[in-house]
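Trainee: Whole structure, please, built from the sequences with the hints as guidance.
Residues 158 to 310 (the working numbering) are what the sequence shown spells out, left to right.
These are computed hints drawn from the structure, not numbers from a lab. Be careful, since some hints might not be right.
[What the hints assert, rightly or not] Derived DEER-like restraints, expressed as beta-carbon distance ranges: (1) Ala259 x Ala235: 18 to 28 Å; (2) Asp251 x Ala225: 20 to 30 Å; (3) Ser218 x Ala303: 53 to 63 Å; (4) Leu309 x Ala185: 18 to 28 Å; (5) Ala303 x Trp247: 18 to 28 Å; (6) Val210 x Arg164: 40 to 50 Å; (7) Ala225 x Ala259: 54 to 64 Å; (8) Val195 x Arg299: 21 to 31 Å; (9) Ile173 x Ala225: 43 to 53 Å; (10) Val211 x Ala160: 43 to 53 Å.
All values reported here derive from a predicted model rather than from experimental measurement. Note that beta-carbon positions come from the ideal geometry of N, C-alpha and C, so glycine has one too.
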Amino acid sequence: MTADEIRAAITSDPAILALMPDTVAIAAALSAGRTRLVERLITERRILSTLGVVDGAAFLSALEAFAAATLPEQHPLALYHAGIARAVGWLKTDDGIDIGDATSQAMLDALAAAGVVTVESAAIVKALARVPAPLSELDVRRAVFADDGSPLV
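Mentor: Quick look at the structure:
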């Protein structure tokens with residue numbers, strides 16, 4: 158978050174604004190639930206481990222069936238079918254697929270929206286690439302206090 162975004166988040170929430178001037182508490186409050194995507198290569202093994210044997214196998218079978226299918230031109234994923242099929246094949250390799258990549262995340266959303274996989278399973282797999290992204294106390298302090306120590310909020 159930029160300094161302006163931090164100040165806006167503080168001033169838009171009375172509970173956080175009430176924490177002023179405690180920048181440690183403000184950083185903790187603003188950090189709650191913040192995540193970011195990171196590179197995370199996954200294979201079929203990770204999907205089975207994450208979703209469990211039954212749900213993981215169902216998820217993989219659904220992907221494989223979609224990849225092997227011949228889609229009608231009007232199917233919402235017809236344009237992306239070849240690329241998705243290729244990516245599904247990468248799950249079988251030792252390198253796998255980077256589930257932290259924005260395209261991979263969007264691909265899972267599209268597959269869930271089309272009913273190929275469940276929304277729940279897609280969300281669980283996508284979450285494998287999410288890590289906490291807390292704000293530092295120093296960033297909050299720099300956003301709420303001027304160099305001379307006067308408050309900016």
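Trainee: All hints, please: hold or fail.
Mentor: So, going through the hints one by one against the coordinates:
1. Ala259 x Ala235: 18 to 28 Å: holds, 21 Å
2. Asp251 x Ala225: 20 to 30 Å: holds, 22 Å
3. Ser218 x Ala303: 53 to 63 Å: holds, 59 Å
4. Leu309 x Ala185: 18 to 28 Å: holds, 20 Å
5. Ala303 x Trp247: 18 to 28 Å: The hinted range 18 to 28 Å is violated for Ala303 and Trp247, with Cβ atoms some 51 Å apart.
6. Val210 x Arg164: 40 to 50 Å: holds, 49 Å
7. Ala225 x Ala259: 54 to 64 Å: violated, 26 Å
8. Val195 x Arg299: 21 to 31 Å: holds, 25 Å
9. Ile173 x Ala225: 43 to 53 Å: Holds: the Cβ-Cβ distance is about 51 Å, inside 43 to 53 Å.
10. Val211 x Ala160: 43 to 53 Å: Hint holds: Cβ distance 48 Å, inside 43 to 53 Å.
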